[in-house]
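Q: In case you want the letters, here they are:
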Amino acid sequence: MTRSATPKLGAYAFLAGVGLLAALVLGRAELAVLAAPFALVLFLGLALAETPDVRVALDLDSERQVEGEEVNASLEVRTHLPVSRLELLLSLPDGLESEAPNPVLLALDLDERRELELPLRCAHWGAYLVGRLNARVLGSFGLLAYERSYDQRRALKVYPRGEALDKLLRPLQTLSFSGSQTTGTRGEGIEFADLRPFAPGDRIRRINWRATARRGEPWVNETHPERNTDVVIFLDTFAEARSGEGSTLDLAVQAAGTLAAHYVRAKDRVGLVAFGGVLNWLTVSSGVTQLYRVLDSLLDAEIFLSYAWKDIEILPRRTLPPNALVIALSPLLDERSVRALIDLRARGFDLAVVEISPVPFVEPGPDELDQLAYRLWLLRRDALRASYLRVGVPVVEWRQGDPLQAALEEVRTFRRHARVTRA
Amino acid sequence: MTATALRASPGVDRASLIAVGAAVPLALLAGLALRWSGALTAAIVLMGAQQAVRLALGNDVLDEWAPLTAGALLLCAELAFWSIEPRIPAWSQPHLALRRLTTVLLLCLLSAGVGAAMLVAAGSSLSGGVPLELAGILAATGAVAVLAYVARRSP
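Quick mapping for you: the protein sequence lines, in order, are chains W and Y. Residue numbers for the first sequence follow our numbering, so the first one is 1 and each next one is one higher. Residue numbers for the second sequence follow our numbering, so the first one is 1001 and each next one is one higher.
Bear in mind the hints are in silico, worked out from the structure with no lab data behind them. Be aware that one or more of the hints could be misleading.
Covered by chain Y, according to a simulated footprint, are these stretches of chain W (three or more residues, beta-carbon under 8 angstroms) [unchecked claim]: (1) 8-19; (2) 80-89; (3) 110-117.
Which residues of chain Y face chain W? A partial, calculated answer using Cβ under 8 angstroms [stated by the list, open to error]: (4) Gln1051; (5) Ala1056; (6) Cys1076; (7) Leu1079; (8) Ala1122.
We put the CB at the ideal spot given by N, CA and C, even for glycine.
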């Protein structure tokens, strides 16, 4: 442990010195008596000083947690020498908050072992390293301080809190593997499609007995097969709008996590493209492992300022499989992502844009000119949305506090009408 | 302390003593508010200075209250330095605060006892001489040696 003198040591040495000097100069023993207590404390404090032997261990009860929930940090403090005053601080990164007093003050006896529970609230999603502990022991009479840092870091992943979704966006085309998406074609499935006369090779269990009795010849049910699909979540990390604790990136990550969890649950293959200053992608795959891969990648999502022009040409081809449903989560603030999305549509991808609205994060200025600029900015955003709609891309505005399901329903409605129009 | 000093030394400039007396709580307040140990030290020095003035201008009789004054000065200093320590919820463990308070009070009593012993020694009718001078030199050398030892022994 690193030893250092406290201000009290210097002050007491000064007081004792001044008192004894004054006693000598003035020839009064009483002044030496006044200085004596400070000299006595100095003597006792330094004579009884011993380097403390404090050992600290930390463990977390969980490596993964959801935003808003708690993780318990268990601290074990041991010492071979008695410690009258131990201050223990667990340094917490931004995004984690202690629900118990931190730092804590302890007194330990000879060979004592103390266990402490420190509940930590996961206030914000992210990947954290928790466990840098700072211990400070005050020596006898508070003259010397012994400090030491303990590196007991443990990884803690805090995932964004998800949202319940009743219905997901259905892709225009599906894959040949079985899944939960009902296709428009006919085949082996559960969802009823139509009736047709019996043909050789049809299974008996497919015969619709009611229709058969009515028509006098065997008729069978036709069904829509359930297939899975490829879903690529396109996360725009070029720019964000931030106000206080919240930002458009936070909302986008929350929505991406929710969508990934629901699509994986529906046996679809899910991929991720974080398109921004730093490019990050995950090729499509299915299963719980892939869900954790996606969620872990989302934890790394950050806004990196970059002026380099980027378009979807730089994306590896396999990150955007043909016929994949691409769900873009973007605040539509950066020209590069705006162009990239239009480019995706031009290449025939089934694209839906959930605009993470930056409007609630922007306060118009007090001046008339600022108000005018704000209104012009809103109009430009409307024009941008209209340009997407013109090329057949559904774009919906999603604001903080609104259910994601509402935004998805809006996309579904647009796609239904768009298909009718094309027909 | 200011009142005692004023009463005991009528010949001194009263305004100076009152000014010094008024500076003590100001320095204490500043030290506590700013958490600055320098101001606390200055306040203790000023309190001691008042006593020094009183003793210097008073008669040659030993002040029998000096050990108690010394204990009170130490109590003031201990409590003041305790107050400017980093704020930690100490009262979540009241026994710690109680234990520390007891230690401080015992230390003050011990200081008063040591002071009284010193006062008795100073008031004794021992006349000077080679043995006494030798004892003084040995005591001073021993004190320096002990201080050097305790300063060096910690890592």
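Q: Quick check: which numbered hints come out false for this structure?
A: 3, 6, 7
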